[in-house]
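**Q** The opening residue of the sequence shown carries number 1 in the numbering used here; numbering runs sequentially from there.
Since the hints were derived computationally from the structure, they do not count as laboratory data.
Bear in mind that the values here come from a model prediction, so they are computed numbers and not experimental data.
Where hints are given, some of them may not hold.
Result set (SDA-like, lysine to any residue): computed pairs, CA atoms no more than 20 Å apart in a straight line [as the list claims (entries may be wrong)]:
#: 1; residue 1: K18; residue 2: R121
#: 2; residue 1: K173; residue 2: F96
#: 3; residue 1: K8; residue 2: R121
#: 4; residue 1: K142; residue 2: I112
#: 5; residue 1: K66; residue 2: E53
#: 6; residue 1: K18; residue 2: S113
#: 7; residue 1: K18; residue 2: E90
#: 8; residue 1: K9; residue 2: I112
#: 9; residue 1: K172; residue 2: I213
#: 10; residue 1: K142; residue 2: S113
#: 11; residue 1: K161; residue 2: S113
#: 12; residue 1: K172; residue 2: G98
#: 13; residue 1: K18; residue 2: S101
#: 14; residue 1: K6; residue 2: L17
#: 15; residue 1: K205; residue 2: D124
#: 16; residue 1: K173; residue 2: G209
#: 17; residue 1: K6; residue 2: Q31
#: 18; residue 1: K38; residue 2: Y7
#: 19; residue 1: K6; residue 2: G108
#: 20; residue 1: K6; residue 2: K38
#: 21; residue 1: K38; residue 2: F96
#: 22; residue 1: K38; residue 2: E90
#: 23; residue 1: K9; residue 2: P122
#: 24; residue 1: K11; residue 2: V103
#: 25; residue 1: K173; residue 2: S190
#: 26; residue 1: K38; residue 2: K66
#: 27; residue 1: K9; residue 2: L32
If you anchor each label on the Cβ, the simulated ranges turn out as follows [unchecked claim]:
#: 28; residue 1: P145; residue 2: L220; range: 36 to 42 Å
#: 29; residue 1: H15; residue 2: M109; range: 53 to 59 Å
#: 30; residue 1: G108; residue 2: F147; range: 18 to 24 Å
#: 31; residue 1: K38; residue 2: N156; range: 46 to 52 Å
#: 32; residue 1: V12; residue 2: S33; range: 35 to 41 Å
Note that beta-carbon positions come from the ideal geometry of N, C-alpha and C, so glycine has one too.
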Amino acid sequence: MTDSEKYKKRKVGNHALKPETMMMSYGYDPQLSEGSVKPPVFLTSTFAYQTPEEGEEFFHIMAGRKTAPEGNVGGLIYSRFNHPNVEIIEDRLSLFEGSESSVICSSGMGAISSILLAYLRPGDVIVQSTPLYGGTETLIRKFLPEFNIQTGEFDNGLDEKDMLVSLRNATKKGRVALVFIESPANPTNSLVDFEALNRVLDIVKSDTGHRPISVCDNTLMGP
């Protein structure tokens, strides 16, 4: 059993545990925290290592210069990157949502900015649903064009034809890298049909050879 498997149990014997049960302890090993049943709050920015070589190895893994050994995720080096409390909530959110992984950011705009900066490059096009949260609107419409990232939009997220027309028009400007939607939208509660949008993105891939990724801000829906 690897280190992570010890405190990420999904079964007891042959019985599969439900997410509601695993929320109590998943992702946390009391033996790593003086036996504390509940996770303590870690008030630190940096971490100690057994040897300088161990610390160097962790830095290489965090920087992407090396791959973590199988069953391990490397170590902790700086709380701005990750720390135990963040790891626990990311693990549990992924578990509860049934997702591959989760990333916790310090703010909603921090999360949105991180996604857009990760997937957009100069010359790309981003298409958005309308309306969006004001901060997101400003980022997309005011700041991204300054980095040669073009924008497009659609008004009716329940109209598959309207979305397809908007996406096809956007492809005339360049490679549509990302579609950003908000559903339910703030403050109108307007919706986007996810299945219809996926069909539209499949058509865009057929047209251009590239399938844009879709990103959803679900602030009003919650986890």
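**Q** List in ascending order the numbers of the hints, as given earlier, that are violated by the structure.
**A** 1, 2, 3, 6, 8, 11, 12, 19, 23, 24, 25, 26, 28, 29, 32
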